[in-house]
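Chains as they are written, first to last, in my numbering: chain A, 29 to 258; chain B, 2 to 179.
Treat each hint with caution, since some may be false.
Lysine to any residue pairs mimicking SDA-like chemistry, simulated, CA-CA at most 25 Å apart [as the list claims (entries may be wrong)]:
1. 150/A <-> 86/A
2. 249/A <-> 114/B
3. 150/A <-> 71/B
4. 38/A <-> 143/B
5. 249/A <-> 15/B
No wet-lab data here; the hints were simulated from the structure.
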Amino acid sequence: MKDIDKSFRKDTETEFPLREELKPRSVTAPDGQVIEIDPLQDYFCQEPPKVHKQSYFRIVEDFYNWARAHSLWILGFGTGCGAIEMRPLMTPRFDAYRYGIQWRPTPRQANLLVISGYLSVKTLKRAIRAYEQMPQPKYVVGLGSCTINGGMYWDSYNTIKRLDDYLPVDLYIAGCMPRPEALLAGFMDLKKLIRKGKAEGANKYAENFDWYKANQKSVIKDWDMPDYNW
Amino acid sequence: MMRDLHDHLKTRYRLGDLAERRANLAFVDVARADLRALLVELRDVHGFTHLSLLTAVDWIEEGRFQLTYLMNNRTANRSLGLRVFLDRADPVGDTIHDLWPTAATYQRELREMFGIAFPGSPRVDEEFILEGWTDMPPYRRDFDTLAYSQQTFSDREGRETHDPRAHMAKKLNPEGQR
Ligand code: SF4
């Protein structure tokens, strides 16, 4: 793909300042005591994610994986147009529940993050937070061509092009947008991957944590959260 | 109808020619100094009570921004667009948030996407939809969105682009007959 304008250079000099309320400072408590606070350190745990070790016996790990494959809880977080195709899955016509796939409202109760389409930089920040708050083992599915190579937002200034630069994707479902049948087929494939022990995205994330963080921070200028949002 | 209104207003305000798009839609250029008085008169006397939208066009070749105030008269089902031109080098508009509170939101968007300042408009300097944006306002025409995206996000190999016209011609008529 050729660029039409070689002369355009984006501004890489300007730093986005840290928000006022997040700066370390000292406050005087009502009783006159002066305390130092650092909002990004004090309220969050800074511990980076850990690799989830496999069990010692192969047969036990296989049993775990079998069990994991049968308990997919999707975080109800729709990012792009693809989110509209997840709704029919919850209805009798497509009925994903018969495969043991269900939706939950909060990251703490879910283990499958479906990025349902284009992801603007602003939403990416929320998606990262949501992903990091989900308990292990957890999986990411990218839905639609926007998550694969940018789709029709390939020249947009504000949507990312490759989701796997920022989050560990276990499976992509191609299409613009993929039909609910394609989603069901994709979830079945994900189950197969999990049973084979190949859906190791969360471990990959923990192993290459610095690489992912560097990529994330290169596009999210207004980084107003701790490095790991556990 | 629009003509009558234009003739009526022309005597007191510096107006350009009336550009009629449909029977009930017309545009007219207004001098910046007359804008406020004209908006108030249109709203209070001529029934254009609704500000449908406030948007901008970047005429980069002429070195100016155009602000379009689209007003709507609901009872008569008529729309009138007022066009005001601002210098592109130093774009400062006049806030009208006290006439229509909704204008504050439009002005905030224009501030962010075109870099047009509206002094006095509430929360106009806060971020609107972008977050942590450090480059030039992205709706300006000298902002190259393709180049920006190539410098910011990485491509995946294997993406093909077809010219829609050539592609459909080949698909519908593979032999290339006329
Ligand atoms: S792949 Fe298509 S349907 Fe999905 S988010 Fe992108 S543009 Fe929308």
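A quick look at each hint next to the structure:
The hinted pair formed by residue 150/A and residue 86/A fails the criterion: a straight-line CA distance of about 42 Å is larger than 25 Å. Distance hint between residue 249/A and residue 114/B is fulfilled; the C-alpha atoms sit about 17 Å from each other, no more than 25 Å. Of the pairs offered as hints, the one joining residue 150/A and residue 71/B is violated, with about 30 Å between alpha carbons and a cut-off of 25 Å exceeded. For the proposed pair residue 38/A and residue 143/B, the alpha carbon gap of about 11 Å is at most 25 Å, so the pair holds.
Restraint check for residue 249/A and residue 15/B: the C-alpha separation of about 46 Å exceeds 25 Å, so the hint is violated.
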